[in-house]
Amino acid sequence: MTFRSGAADAPAFNQNLGAYLFLAPALLILFLSLLLPAAATIGMSFTDISFLRPTNFVGLDNYLRLLSDGRFQQAVFNTSYYTLGVTLPTMVLGLLAAVALNRRFPFRVAFRTIFYLPVLTSLIAAAVVWVYIYEPYSGPMNGLLVSLGLPPQPWLQSPNLAMTALIIMAVWRDFGTAMIIYLAGLQDIPEEIYEAARLDGAGKFAILRRITVPMLSSVTFYLMIILIVQSFQVFGAIYVMTGGGPLGSTETIVFQMYQTAFGYTEFGYAAAMSTVLFFVILLFSIVGTKIMRKGEA
Amino acid sequence: MAELELSGVSKVYGAFNALRDVSLQIADGEFAVFVGPSGCGKSTLLRLIAGLDPVSGGRIAIGGNDMTARQAGQRPVAMVFQNYALYPHMSVFENIAFPLQMERRTKDDIKREVSRAAEIVQLSTRLQDRPAKLSGGQRQRVAIARAIVRKPGIFLMDEPLSNLDAALRMEMRAELTQLHRRLGSTMVYVTHDQLEAMTMADRIVVLNGGRVEQVGAPMELYHNPANLFVAGFIGSPPMNFAAARVDAVEGHAARLTVEGLGSFAVSYDGKEVSAGDAVTIGIRPEAMLPGAGEAGHLSFRMTPETVERLGLHTIVHAPVGAKTFTALFNGDPRMARGSALDVSVPLAQLHLFDRNGAGRSIRDIQ
Ligand SMILES: Nc1ncnc2c1ncn2[C@@H]1O[C@H](COP(=O)(O)OP(=O)(O)OP(=O)(O)O)[C@@H](O)[C@H]1O
Ligand SMILES: [Mg+2]
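Listed in order, the protein sequences are those of chains C and H.
Just so we're aligned, residue 1 is where the first sequence starts under the UniProt record's numbering, counting upward by one.
Just so we're aligned, residue 1 is where the second sequence starts under the UniProt record's numbering, counting upward by one.
Just so you know, the hints here were simulated from the structure itself, not pulled from any lab data.
Every value quoted in this text rests on a predicted model; they were computed, and no experiment measured them.
Wrong hints could be hidden among the right ones.
[Claimed, not checked] Example chain H residues on the side facing chain C (calculated, C-beta under 8 Å, incomplete): (1) Y13; (2) F16; (3) L24; (4) A69; (5) G73; (6) P76; (7) N83; (8) A85; (9) F98; (10) P99; (11) E103; (12) L347.
Where a beta carbon is used, it is the ideal one built from N, C-alpha and C, also for glycine.
One chain only, chain C, in its complex shape:
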């Protein structure tokens, strides 16, 4: 008697063909909306295209210009500052909220919902509300400072404070995401591990430091990559709240890109900025996925 291996021998090629057919519409949309513009952008970055003059091929000129452009360097610095300022507090607050809400206590679900709500609000609407919150004379933020006996601050009007104000708002919006992701990660830590640690004499803080945080390390890493990539691309809040000012203090790469393209109609130069950002983000994503894979193995 011979063994037959069920249906496993079904022609692989036909199966793949079917799969590609089903995927075709999605792939087409992906191609038209993502890959094609991306390729076009990279192409444009080697030209001086501006739609006002005839277009010339300029080779690496745009990139060489970027290297010596003080304003762009300021934007890179601003973006990095913003990214760091958002990523770290968002993760710390998200973790603390997740740990606190992972226990059983009354209104747990209500708290979760409240913390997650900012994530669901429209960015533009939230930004408008935060402009009001930061309003120097009648805004609640300064109201709070004054009621605490502290001097009021020109939040969005001071070059020293505007970026911090944007960071505070971003943390408010994003830490709900971090919390939800951490909560999911916490579900994967068996209760018995905590019990073993308690029996081993570990207090609350030792458990957090030696058990919870290390066991969430892959979640933390994933979150970090997401937040970095997201922060690199910040635009909407800046557009609504500061317009890159005051004195360029909140001008980030994407905002500058937007201004260069649509304000100064230097599309070729903006495309070069965009290409640089694209590859930086790609690099982060690749390194991130690589390390994640290693962690799982």
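Chain C is fixed; fit chain H with the ligands onto it per the hints.
Structure of chain H with the ligands alone, referenced to chain C:
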């Protein structure tokens, strides 16, 4: 090293009584096994002793000190969990070292204690590996080593072998017994496997429905079960039961009628029966002997429905009255399915239970 004393311990989950009025004393150095069917409260009791859950009532003392209000980690106990509960992100060394680090011991101290414990559980060569790289048995040993370094007065173990395959379980059973002898500490061991209980325990605590049914040495429970539950739980295959009626009582002798077994007289040392009582008799499968017995034996015929030959034993299932009896004969005697067979039981090996309440034993039939 410490003795354990539970007095009137109870645990309530909502409206559910998981443990009711458990009082127990476990001596210093004793190997005590909690045994009972699933859901009877074994793990709950262990967790109360560990301090992982608070008691709803009663008192827990270890080494003479009241521990009832103390947190887990503040009690001189260490626990080995069913699923090992190792820290997956730490190496074997770090796992074993963790409790010592929590005690803020010096590096040298930790190193010495960890290697001593690793040697006891034969894991000295695997100290740098992560738990994921180890086999189930090795993981269990790491968990045991982690318990050893705490030098606890009492080791608590919740079904530590139930995730291992049969062969490894047997090996680890012997190792745990040896470990107990070597360390000399008190052990409280939870299992639902009566074989583990019988082979490892100095004393067995039989739990059922949140209550202690009986406490005693393995052979004491085997020979003198306090009630129907213990009689049916301890011993494998389980004891056969048959309903009986007391026809007459004369001093310490009673005449019983049992369906399928006829009428016979027994003498017993209790005074709890009177004529007309409904009682239960119990016969262990291994108490049945092939062939008609002499005086002092209860003899009857049965017709095997199945005959299972295991070499060392032969197990026979046969209808007796309304019940199916299981008999376990030594060796490989000549008997066949469907052909009637004479069987006898020494009267002294019958068990008699009243049928009131939990069914207390009316013991020592002669
Ligand atoms: N946290 C809890 N909340 C509610 N009920 C619980 C809780 N923990 C245990 N119980 C109940 O208490 C009873 C005893 O549980 P326990 O875990 O002690 O049983 P067990 O004897 O260890 O059983 P097993 O052999 O299956 O492990 C069970 O009926 C269980 O449903
Ligand atoms: Mg249990």
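Hint check results:
no., hint, verdict
1, Y13, "violated (13 Å)"
2, F16, "violated (17 Å)"
3, L24, "violated (21 Å)"
4, A69, "violated (16 Å)"
5, G73, "holds (4 Å)"
6, P76, "violated (11 Å)"
7, N83, "holds (6 Å)"
8, A85, "holds (4 Å)"
9, F98, "holds (5 Å)"
10, P99, "holds (4 Å)"
11, E103, "holds (6 Å)"
12, L347, "violated (51 Å)"
When held up to the earlier numbered hints, the structure conflicts with 1, 2, 3, 4, 6, 12 and fits the remainder.
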